[in-house]
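Protein chains in written order, with the UniProt record's numbering: chain R, 1 to 755; chain C, 1 to 79; chain S, 1 to 79; chain G, 1 to 232.
Any given hint could turn out to be false.
What the hints assert, rightly or not - Computed cross-link-like contacts, DSS-like style, restricted to lysine-lysine with a CA-CA straight-line distance of at most 25 Å:
#1 C:LYS40 - C:LYS2
#2 C:LYS10 - S:LYS2
#3 R:LYS209 - R:LYS338
#4 R:LYS209 - R:LYS69
#5 G:LYS2 - G:LYS74
#6 R:LYS300 - R:LYS209
#7 R:LYS351 - R:LYS465
#8 R:LYS209 - R:LYS465
#9 C:LYS40 - S:LYS19
#10 R:LYS77 - R:LYS351
#11 C:LYS40 - S:LYS10
#12 R:LYS228 - C:LYS2
#13 R:LYS69 - R:LYS228
#14 C:LYS40 - S:LYS2
#15 C:LYS10 - S:LYS10
#16 R:LYS157 - C:LYS10
#17 S:LYS2 - R:LYS228
#18 R:LYS300 - R:LYS351
#19 R:LYS351 - R:LYS76
#20 R:LYS228 - R:LYS209
#21 S:LYS10 - C:LYS2
#22 S:LYS10 - R:LYS157
#23 C:LYS10 - C:LYS40
#24 C:LYS40 - R:LYS157
#25 R:LYS76 - R:LYS228
#26 R:LYS69 - R:LYS300
These are calculated hints, taken from the structure and not from any lab test. Computed from a predicted structure; not experimentally measured.
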Amino acid sequence: MPDNPTKTQGAQTPVADTPTEPAVTADLAAEHGLNAAEYDRVLATLGRTPTLTELGLYSVMWSEHCSYKSSRRHLKKLPTSGPQVIQGPGENAGVVDIGNGQAAIFKMESHNHPSFIEPYQGAATGVGGILRDVFTMGARPVALLNALSFGAPDHAKTQHLVSGVVAGIGGYGNCVGVPTVGGETRFHSRYNGNILVNAMAVGLADADKIFYSAAAGVGNPVVYVGAKTGRDGIHGATMASAEFSEDSAEKRPTVQVGDPFTEKLLIEACLELMATDAIVAIQDMGAAGLTSSSAEMAGKGGVGIRLDLDRVPTREDAMTAYEMMLSESQERMLMVLKPGREDQARAIFEKWELDFAVIGALTDTGRMTLVNGGRTVADVPLDSLTDDAPNYDRPHVPSEPRPLLRPDEVPAADDMGQAILDMVGAPDLASRRWIWEQYDHTVMGDTIARPGGDAAIVRVHGTNKGLALTADCTPRYCEADPFEGGKQAVAETWRNLSAVGAEPLAVTDCLNFGNPERPEIMGQFVGCIEGMAQACEALGYPVVSGNVSLYNETEGQAILPTPTLGGVGLIRNLDHRASPGIKRAGDAVFLLGETRGHLGASLYAAHALGHDAGAPPPVDLDLEMRAGGLVRQEIALGRLDTVHDLSDGGLAEALATLMLAGDGYGLDVRLPNDPDGQPLAAHAALFGEDQGRYLVCLPADRAEAFAHACAEARVPVERIGDTVAGPQLAIAGVATLALDDLRAAHERFLPTLMA
Amino acid sequence: MKARVHITLKPGVLDPEGKAIGRGLAALGYDGVGEVRQGKVVELDLADTEPQAARDRVDAMCRDLLANTVIERYEIELI
Amino acid sequence: MKARVHITLKPGVLDPEGKAIGRGLAALGYDGVGEVRQGKVVELDLADTEPQAARDRVDAMCRDLLANTVIERYEIELI
Amino acid sequence: MKSAVIVFPGSNCDRDMMVALEAATGRPPVAVWHRETSLPADLDLVALPGGFSYGDYLRSGAIAGRSPVMADVKARAERGLRVLGVCNGFQVLCEAGLLPGALMRNTGIHFVCRDVHLRVDNARTAFTNAYGQGQVIRGHVAHHDGNYFCDDDTLTALEDQGRVAFRYCAADGAVTPDANPNGSRNNIAGVLNAAGNVLGMMPHPERLIAPELGGTDGRGVFDSLVAALADA
Ligand SMILES: Nc1ncnc2c1ncn2[C@@H]1O[C@H](COP(=O)(O)OP(=O)(O)O)[C@@H](O)[C@H]1O
Ligand SMILES: [Mg+2]
Chain R
1 MPDNPTKTQG
11 AQTPVADTPT
21 EPAVTADLAA
31 EHGLNAAEYD
41 RVLATLGRTP
51 TLTELGLYSV
61 MWSEHCSYKS
71 SRRHLKKLPT
81 SGPQVIQGPG
91 ENAGVVDIGN
101 GQAAIFKMES
111 HNHPSFIEPY
121 QGAATGVGGI
131 LRDVFTMGAR
141 PVALLNALSF
151 GAPDHAKTQH
161 LVSGVVAGIG
171 GYGNCVGVPT
181 VGGETRFHSR
191 YNGNILVNAM
201 AVGLADADKI
211 FYSAAAGVGN
221 PVVYVGAKTG
231 RDGIHGATMA
241 SAEFSEDSAE
251 KRPTVQVGDP
261 FTEKLLIEAC
271 LELMATDAIV
281 AIQDMGAAGL
291 TSSSAEMAGK
301 GGVGIRLDLD
311 RVPTREDAMT
321 AYEMMLSESQ
331 ERMLMVLKPG
341 REDQARAIFE
351 KWELDFAVIG
361 ALTDTGRMTL
371 VNGGRTVADV
381 PLDSLTDDAP
391 NYDRPHVPSE
401 PRPLLRPDEV
411 PAADDMGQAI
421 LDMVGAPDLA
431 SRRWIWEQYD
441 HTVMGDTIAR
451 PGGDAAIVRV
461 HGTNKGLALT
471 ADCTPRYCEA
481 DPFEGGKQAV
491 AETWRNLSAV
501 GAEPLAVTDC
511 LNFGNPERPE
521 IMGQFVGCIE
531 GMAQACEALG
541 YPVVSGNVSL
551 YNETEGQAIL
561 PTPTLGGVGL
571 IRNLDHRASP
581 GIKRAGDAVF
591 LLGETRGHLG
601 ASLYAAHALG
611 HDAGAPPPVD
621 LDLEMRAGGL
631 VRQEIALGRL
641 DTVHDLSDGG
651 LAEALATLML
661 AGDGYGLDVR
671 LPNDPDGQPL
681 AAHAALFGED
691 QGRYLVCLPA
701 DRAEAFAHAC
711 AEARVPVERI
721 GDTVAGPQLA
731 IAGVATLALD
741 DLRAAHERFL
751 PTLMA
Chain C
1 MKARVHITLK
11 PGVLDPEGKA
21 IGRGLAALGY
31 DGVGEVRQGK
41 VVELDLADTE
51 PQAARDRVDA
61 MCRDLLANTV
71 IERYEIELI
Chain S
1 MKARVHITLK
11 PGVLDPEGKA
21 IGRGLAALGY
31 DGVGEVRQGK
41 VVELDLADTE
51 PQAARDRVDA
61 MCRDLLANTV
71 IERYEIELI
Chain G
1 MKSAVIVFPG
11 SNCDRDMMVA
21 LEAATGRPPV
31 AVWHRETSLP
41 ADLDLVALPG
51 GFSYGDYLRS
61 GAIAGRSPVM
71 ADVKARAERG
81 LRVLGVCNGF
91 QVLCEAGLLP
101 GALMRNTGIH
111 FVCRDVHLRV
121 DNARTAFTNA
131 YGQGQVIRGH
141 VAHHDGNYFC
151 DDDTLTALED
161 QGRVAFRYCA
171 ADGAVTPDAN
181 PNGSRNNIAG
191 VLNAAGNVLG
201 MMPHPERLIA
211 PELGGTDGRG
221 VFDSLVAALA
231 DA
């Protein structure tokens with residue numbers, strides 16, 4: 001836009017509202033989520049009353065969602081570097097090296113509030129948003145995962161929410177053609193009024209062709225591409241930063257509608273343009289749309305930006321500057337191009353039938369200047385929107401520690417066989433088939449391990465390498481002890497990756513908590529982060545991207561603290577990998593790790609006592625390292641192909657899974673002893689959730705060598721039995737269960753709930 | 001008695017389907033077609049015999065299930 | 001001028017979505033709801049000014065694209 | 001064998017189809033953008049891949065079925081060119097009138113992605129000769145609108161003329177309602193045109209071409225085409 005000067009004297013530009021807009025006052029600022037001190041800060045920064053558009057900019061950029069004002073100082077505690085890390089947190093997604101000049105790019109994000117209000121569109125647009133975070137960095141998306149937390153199965157809204165969310169995730173991912181390969185799903189009454197929908201996307205790119213968001217080059221054109229802007233989801237970012245009340249569904253403005261078809265075209269068009277060298281910087285328009293994308297790009301690049309809003313493609317009449325800047329219309333991207341490359345880029349986007357408009361230019365002012373209808377409607381220092389946004393040290397108190405729960409404090413079932421069937425069929429452990437069969441998990445032709453195992457495996461196209469992917473968290477543990485819970489969530493993803501034979505590379509996270517202005521919630525947040533940090537540090541498993549979702553409360557009832565972790569691992573040779581299903585009769589069955597019968601915060605205790613109780617199982621990170629390393633080594637050497645890690649539901653769940661995932665084989669086992677070789681109570685041995693354990697099967701003639709390898713690696717191990725040809729789970733002195741009965745129990749819950 | 005419920009997206013809500021249909025018509029050479037919006041119709045056979053009661057009940061069904069008033073609006077027609 | 005096209009499944013063609021809505025209503029406790037059928041409405045803004053010409057053109061659009069006459073029938077309403 | 005894969009806006013199995021064709025034929029297929037008005041000369045096969053052309057808006061395959069390239073696909077099919085439509089490609093072929101019937105919403109309402117058993121109902125076609133007549137193979141479906149519908153006369157004609165290529169069945173080959181993932185009439189999974197040179201099928205043979213992907217039973221479709229060409 002040659003007629004636009006790239007140098008403006010910000011403070012001297014007359015800045016004016018559109019005449020019909022309301023005057024900005026402290027009250028209006030409060031309605032925009034800015035408290036009195038924050039509004040004073042705006043006044044001081046500008047030295048005048050902001051225009052409505054400027055108020056809008058501050059309100060979204062200083063919202064919790066965009067500014068991380070409660071979490072920033074704590075997120076710094078997470079380890080984010082390592083030899084494998086190409087890009088840690090701070091960009092649209094994290095980037096790790098996977099060898100051969102290739103990189104995996106991934107991130108997880110929440111779409112909790114919109115999904116509660118409009119489950120289909122809320123979940124769908126969550127998938128769309130996280131995909132854009134990944135392909136904006138130059139990656140072709142190759143996998144999606146989702147972590148879902150719903151209310152109690154019998155809560156009035158649950159069925160409707162499950163149905164809409166699952167359909168929305170499928171509707172978007174299936175259409176875009178990226179396989180949804182894994183995730184997790186839980187049900188708990190603490191999510192009754194505030195479900196969690198966390199979506200993770202993973203992409204692949206050449207390590208030397210990664211695109212970043214820092215704008216550079218004064219005078220370079222700022223380009224808008226994708227769908228047109230409408231009045232969708234104005235104030236989505238502030239909505240994601242406020243508590244719910246009963247009438248929010250009524251008051252809130254429209255949630256966004258996703259268009260996966262346009263997203264698919266946008267992916268192809270962006271990747272086509274990225275194959276040229278026309279792009280200087282690129283960023284998707286996510287929460288707070290044009291505002292945050294332009295402010296962040298220019299802010300990171302240390303330049304200024306001037307936008308002529310009359311050039312923004314709109315799909316509704318008479319949109320104001322305020323509306324255009326705050327719209328959260330989907331499927332849009334902002335780019336800075338090299339000068340003179342506009343026509344080349346335009347041709348590509350027009351071929352894909354997408355909008356393309358040069359809407360501004362970079363300046364050297366360090367300010368964001370917005371022009372609309374011949375008026376300068378905003379002119380603010382960029383730093384004040386980004387780096388200098390509020391940053392709070394909120395008061396936090398640690399959670400009350402819970403006492404250990406001894407096995408004799410938890411009633412043992414009279415019929416242990418029935419207890420196993422109940423556990424395998426319980427809402428938290430029942431098969432998720434009803435969900436993942438609605439997701440296209442095989443499109444792209446590289447899905448090597450489909451949903452249902454410990455980690456999904458997606459082949460790196462055209463190679464014999466694979467990425468292993470998993471998403472995990474145990475909110476019960478986080479509630480009982482945030483620090484141990486944070487550690488455990490990291491360790492569980494690490495274990496799931498190890499169980500398929502993948503070397504864990506890095507994690508992404510999505511930290512879902514209640515209202516951070518309550519010291520006990522802030523205490524959970526800080527505790528979980530510190531636990532995560534310790535585990536990531538010890539396991540050499542850095543956090544490379546993530547997202548924080550606070551204010552997940554309704555009527556003062558907070559969700560369980562839910563730091564969802566998304567783990568990514570690398571399998572260098574796909575010929576050597578493992579899965580949970582029994583593959584042969586006559587294999588020796590080993591249990592790795594220590595079994596102490598820890599029932600505290602376990603699913604079994606919650607069922608038997610009717611409430612969560614006791615301290616969660618501690619995680620011994622040193623043992624994790626040794627056990628995970630051994631399992632990976634044995635898999636990589638081609639000596640081990642049947643592995644399942646133990647988590648919710650303990651040994652009972654693991655034994656059942658080995659059979660359910662197998663081809664009709666059975667198990668003949670006895671219960672393990674405690675580390676001192678003493679017998680444990682049956683319910684503690686079966687359902688205790690001691691950490692750092694794996695169940696493995698391998699041909700009996702290798703049993704001795706395997707036991708030896710374990711001893712050498714200082715991994716406690718006990719041979720507990722054998723695989724057999726008959727479809728029966730026989731646990732000596734406890735119960736004998738038919739595979740058909742296990743399957744019926746396991747498959748019943750979701751189809752019945754959703755019928 | 002029969003009820004017909006027309007469910008359409010609220011004005012201003014993105015209608016990707018309508019947009020695609022519009023493009024499809026244009027590609028087939030139909031010009032002069034402006035905005036295209038698409039909606040749903042649900043037809044219900046009702047046991048009710050009293051129109052006002054029937055209308056109220058269908059209205060409740062719309063709010064409970066048939067429409068999502070966050071993005072959609074509906075119109076009830078008794079026939 | 002505006003046209004509204006109602007597209008419904010032919011009688012005798014099974015309508016799984018209608019059925020699912022019916023089951024959903026029953027599950028919510030709405031009784032006395034008989035058959036439920038679901039259809040589509042497409043609303044078009046037209047440049048035409050002459051009703052018969054408009055109707056003919058929309059009819060052609062229906063046969064060409066908007067309806068699949070193997071399974072659907074349509075009705076045109078000008079407004 | 002020289003093949004082409006048509007790419008519509010929203011196609012998303014085009015690459016998968018190309019990988020499978022290249023593996024079977026030893027030569028990379030040509031990608032043809034939907035806006036082309038003619039196909040390359042001397043083709044032996046044109047494939048319409050799976051995906052969500054035009055977002056499946058209005059009806060699956062409806063808008064794509066009327067895109068510019070389809071006129072030449074029709075003309076060449078009439079002259080005997082082999083045409084394979086998989087999933088969305090099958091929907092496009094029906095919408096374009098190259099195959100009878102229509103693919104409606106699955107009776108279960110949901111999208112369904114799972115392995116199924118298929119019975120090869122006619123192994124004497126260019127697309128199925130690598131299989132045995134009545135052989136039960138593994139298939140893989142991933143669709144929302146796979147419920148094949150046609151009127152009674154069409155159904156009779158399809159069945160009498162051996163134009164049902166595949167049916168969904170149980171592991172033992174029995175054609176039962178339980179084995180039907182989408183409510184298709186008579187469990188139909190794939191149909192041929194009267195001349196036998198156009199096949200539409202909902203299951204994705206290109207997703208089962210290697211043991212690590214879950215099986216190799218899909219290869220037969222591509223191997224059949226190669227064999228048919230060699231015989232010709
Ligand atoms: N929402 C979901 N989407 C896709 N797959 C899911 C979802 N929820 C659970 N799964 C799959 O179901 C299986 C069991 O999940 P989970 O109990 O969390 O496994 P684990 O204990 O090994 O982490 C996993 O393979 C997981 O990927
Ligand atoms: Mg696991």
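Hint numbers contradicted by this structure: Numbers 4, 7, 10, 12, 13, 15, 18, 19, 20, 22 and 25 - these are the hints that the structure violates, sorted from lowest upward.
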